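J.: Once you have looked at the hints, place chain B on chain A.
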Amino acid sequence: MPILSTNLTPDLRLAQALDQALLVMLTDLATIRNWSNAGAMAVNNYGSINSTGATTSRIRLAGLGGRNPFVDTAAEDTDIAETALTDASVDIAVVRSALLRNISDLATLTGFAQDIDPLSLAQDLGMSFETYFNGLVGAAVATAATTVGAAGVDFSMDNWYDATYVLELNSVPGPYFALLHPRQYADMVESLRAEAGAVSLITAATPEVMSLTGPGIKGSFLGVSIFTSSHVTESGGDKYGAMFGTGALGYKTGSPDARSYLGAGTVVQTNDGSITVEISRNPSAALTEVVGNAYCGLSVIEQGRMVGIVTDA
Amino acid sequence: MSISKFKPQKVSDAPGNSERLPERANAPFFFVHHPGDWEFIEGEWLPRVKRWPLKSGVNGVQSGKRGYLQAKTNLEADGWIVIGHDVPVCYHDDDGDLIDDTGYLCSLLGQNGQVHTDVWHKPSVIGMGRTASVDWKEGYDRAGFNLWRKKLLELGLIPAANPASLSQLVRVQERRTRRHAKQAVEGNPIAQRKHEVEKVRLEGMKASSKKASSKKKRRAPRKKKATVEAPNA
Numbered sequence: 001m002p003i004l005s006t007n008l009t010p011d012l013r014l015a016q017a018l019d020q021a022l023l024v025m026l027t028d029l030a031t032i033r034n035w036s037n038a039g040a041m042a043v044n045n046y047g048s049i050n051s052t053g054a055t056t057s058r059i060r061l062a063g064l065g066g067r068n069p070f071v072d073t074a075a076e077d078t079d080i081a082e083t084a085l086t087d088a089s090v091d092i093a094v095v096r097s098a099l100l101r102n103i104s105d106l107a108t109l110t111g112f113a114q115d116i117d118p119l120s121l122a123q124d125l126g127m128s129f130e131t132y133f134n135g136l137v138g139a140a141v142a143t144a145a146t147t148v149g150a151a152g153v154d155f156s157m158d159n160w161y162d163a164t165y166v167l168e169l170n171s172v173p174g175p176y177f178a179l180l181h182p183r184q185y186a187d188m189v190e191s192l193r194a195e196a197g198a199v200s201l202i203t204a205a206t207p208e209v210m211s212l213t214g215p216g217i218k219g220s221f222l223g224v225s226i227f228t229s230s231h232v233t234e235s236g237g238d239k240y241g242a243m244f245g246t247g248a249l250g251y252k253t254g255s256p257d258a259r260s261y262l263g264a265g266t267v268v269q270t271n272d273g274s275i276t277v278e279i280s281r282n283p284s285a286a287l288t289e290v291v292g293n294a295y296c297g298l299s300v301i302e303q304g305r306m307v308g309i310v311t312d313a
Numbered sequence: 314m315s316i317s318k319f320k321p322q323k324v325s326d327a328p329g330n331s332e333r334l335p336e337r338a339n340a341p342f343f344f345v346h347h348p349g350d351w352e353f354i355e356g357e358w359l360p361r362v363k364r365w366p367l368k369s370g371v372n373g374v375q376s377g378k379r380g381y382l383q384a385k386t387n388l389e390a391d392g393w394i395v396i397g398h399d400v401p402v403c404y405h406d407d408d409g410d411l412i413d414d415t416g417y418l419c420s421l422l423g424q425n426g427q428v429h430t431d432v433w434h435k436p437s438v439i440g441m442g443r444t445a446s447v448d449w450k451e452g453y454d455r456a457g458f459n460l461w462r463k464k465l466l467e468l469g470l471i472p473a474a475n476p477a478s479l480s481q482l483v484r485v486q487e488r489r490t491r492r493h494a495k496q497a498v499e500g501n502p503i504a505q506r507k508h509e510v511e512k513v514r515l516e517g518m519k520a521s522s523k524k525a526s527s528k529k530k531r532r533a534p535r536k537k538k539a540t541v542e543a544p545n546a
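Top line first, the protein sequences correspond to chains A and B.
Sequential numbering of the first sequence, starting at 1, is according to the numbering used here.
Sequential numbering of the second sequence, starting at 314, is according to the numbering used here.
In isolation and in its complexed conformation, chain A is listed as follows (with noise of 0.2 Å):
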């Protein structure tokens, strides 16, 4: 009798292997905060609010740079009157955002060369920042106030026209940003190859870029950037896109100093100290507690500057 394989299962051999490698799943990897066009960020650092008394800051708005331009006056001794400032403000909250790894000995140590550890588990916090940070402004940009497209009606060009006569209309100062639901893009695709004339997508999916962003970054069309994300706000099936200009949207952050903290573990910082991942060990129970920390809000600074695009999936 031969010596099969299926004979020397269970025992001589396994009905499955892991494999060595460690793939990660489907999942939207970009990074909208690095989002930057013709050197203007998408979305605003507005800083830190460590040390300011309170955790809501507020963007203060001065009707500055030209906004009330001179008039002429009737006579060469008129007596002008006063033109009072326009102002506004915008908070921006800083709440709190976390995750909460824990992975045991015997996990770590039967684990194959690239496998789930301490380490890979604290490296994977960043992102996992990343995705709640575009989730947010998926959530900003759901609420512009003027809005193109109709609900229903899948994306084509005209949106994306409308968008930027809008915007162009509130004399919004470039470079202009487009956050689109992937759907919103495909459509864009398919309605731009019925397009007329000397217009084309330039794809900017290179590798210094998609470094960057990840791969929501997608090219720019008529000088405006595109970025998809699936964190575009959906409802009824239509999804809630945006087009803006740099200073509509803007975010502020919040970094402890988990070091010199009582009974800190291993932390680990971002440059900016937007997340804070803290390794620590429960000795008792034999696990390892891998936990990101990050403070950080978000608002639409300037309405004006933001118009939505509603289209059908």
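In case anyone wonders, no lab produced these hints; they're calculated from the structure.
The structure displayed is predicted, hence computed values, not measured ones.
Heads up, a few of these hints could be off.
[To be verified] Quick list of simulated restraints, FRET-style, between CB atoms:
| id | chain 1 | residue 1 | chain 2 | residue 2 | range |
| --- | --- | --- | --- | --- | --- |
| 1 | A | S51 | B | A494 | 56 to 64 Å |
| 2 | B | K378 | A | L262 | 25 to 33 Å |
| 3 | A | Q114 | B | K378 | 39 to 47 Å |
| 4 | B | I412 | A | L262 | 35 to 43 Å |
| 5 | A | S284 | B | A445 | 33 to 41 Å |
| 6 | B | D408 | A | R96 | 41 to 49 Å |
[What the hints assert, rightly or not] Just a few of them, taken from the derived set where beta-carbon distance is under 7 Å, the chain B residues facing chain A:
| id | residue |
| --- | --- |
| 7 | H347 |
| 8 | P366 |
| 9 | G370 |
| 10 | V374 |
| 11 | S446 |
| 12 | W449 |
| 13 | Y453 |
| 14 | R488 |
[What the hints assert, rightly or not] Computed footprint of chain B on chain A; a stretch qualifies when at least three of its residues, placed anywhere within it, have a C-beta under 8 Å from a C-beta of chain B:
| id | stretch |
| --- | --- |
| 15 | 39-52 |
| 16 | 88-95 |
| 17 | 235-246 |
Quick reminder that beta carbons are idealized off the backbone N, C-alpha and C, glycines included.
T.: Leaving out everything else, chain B in the frame of chain A:
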């Protein structure tokens, strides 16, 4: 492949569906309307109402159950109309009958918490396990939602459109029609058809602009301030 229909439950403290929807949890929300945001649908202007998420960290919403109060006040100060959770709603049930009810916010148990939605959505789950996905579109009661938006106007919860707001939207459509006219002149039959569609739409927009902005404002029924304590905010 299995398809399971989920029925959203009205938000309450009582336990609801025991099944979990394979969907990320999300924050509860208010429907809000900006006076300049209107939509031309089936020959009439309807107010756009959008979900304003009570997600802490977004647009000034702080942590905690009532962390949205200051942000909501700021929103209203900027002219937005916040539609409270306790307003009358109408939607179609599974048999297509129109139901009059109160309150639009619903929730389902999701992967990592509550998935908040509204009475017009009936999500379907396609597939099982890792391949499971949620379809929100098929079971969406768009007609009911549009009817409700009309009702908001009738009840005076949203005032009639400002002519200036509508004319701005008409200008966008005019520009769109002009763009298609340029392409239609070149003889492209697709462009010509598109131009015709956009032209009809533009005429419809202009005709109904007058009607929409001259609708008599009915006094809103006396009601509590449009704020309902949002669960899990």
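J.: Could you run down the list of hints and mark each one as holding or not?
T.: Hint by hint, here is what the structure shows:
1. Separated by about 59 Å at the C-beta atoms, A/S51 and B/A494 satisfy the suggested range of 56 to 64 Å.
2. In this structure the hint that B/K378 and A/L262 lie 25 to 33 Å apart at CB holds, the actual value being about 31 Å.
3. Restraint check, A/Q114 to B/K378: a C-beta distance of roughly 43 Å satisfies the suggested window 39 to 47 Å.
4. A hinted range of 35 to 43 Å is violated for the C-beta pair B/I412 and A/L262, which are about 59 Å apart.
5. Judged by the Cβ atoms, the range 33 to 41 Å given for A/S284 and B/A445 holds: they are separated by roughly 38 Å.
6. Judged by the Cβ atoms, the range 41 to 49 Å given for B/D408 and A/R96 holds: they are separated by roughly 46 Å.
7. With a cut of 7 Å, the hint placing B/H347 at the interface with chain A holds, because the nearest CB-to-CB distance is about 4 Å.
8. Residue-level restraint check for B/P366 holds (minimum Cβ-Cβ distance to chain A is 5 Å; threshold 7 Å).
9. Below 7 Å, beta-carbon pairs count as interface contacts, and B/G370 has one with chain A at about 4 Å; its hint therefore holds.
10. Contact between B/V374 and chain A, as hinted, is supported at the beta carbon level, the nearest pair being about 6 Å apart and thus within 7 Å.
11. Look at B/S446: its Cβ only gets to about 11 Å from chain A, farther than 7 Å, so that hint breaks.
12. Checking B/W449 against chain A: minimum C-beta separation of about 6 Å stays under 7 Å; hint holds.
13. Interface hint at B/Y453: satisfied, since its Cβ lies 5 Å from the closest Cβ of chain A, which is below the 7 Å cut-off.
14. A cut of 7 Å between beta carbons decides the hint on B/R488: the least distance to chain A is about 6 Å, and the hint holds.
15. Requiring three or more residues with a Cβ within less than 8 Å of a Cβ of chain B, the coverage given for the stretch 39-52 of chain A is violated, as only 0 such residues are present.
16. For the stretch 88-95 of chain A, the assignment as covered by chain B holds, since 6 residues bring a beta-carbon within under 8 Å of that chain's beta-carbons and 3 suffice.
17. Residues of the stretch 235-246 of chain A with a Cβ under 8 Å from some Cβ of chain B number 4, which satisfies the need for three, so the listed coverage holds.
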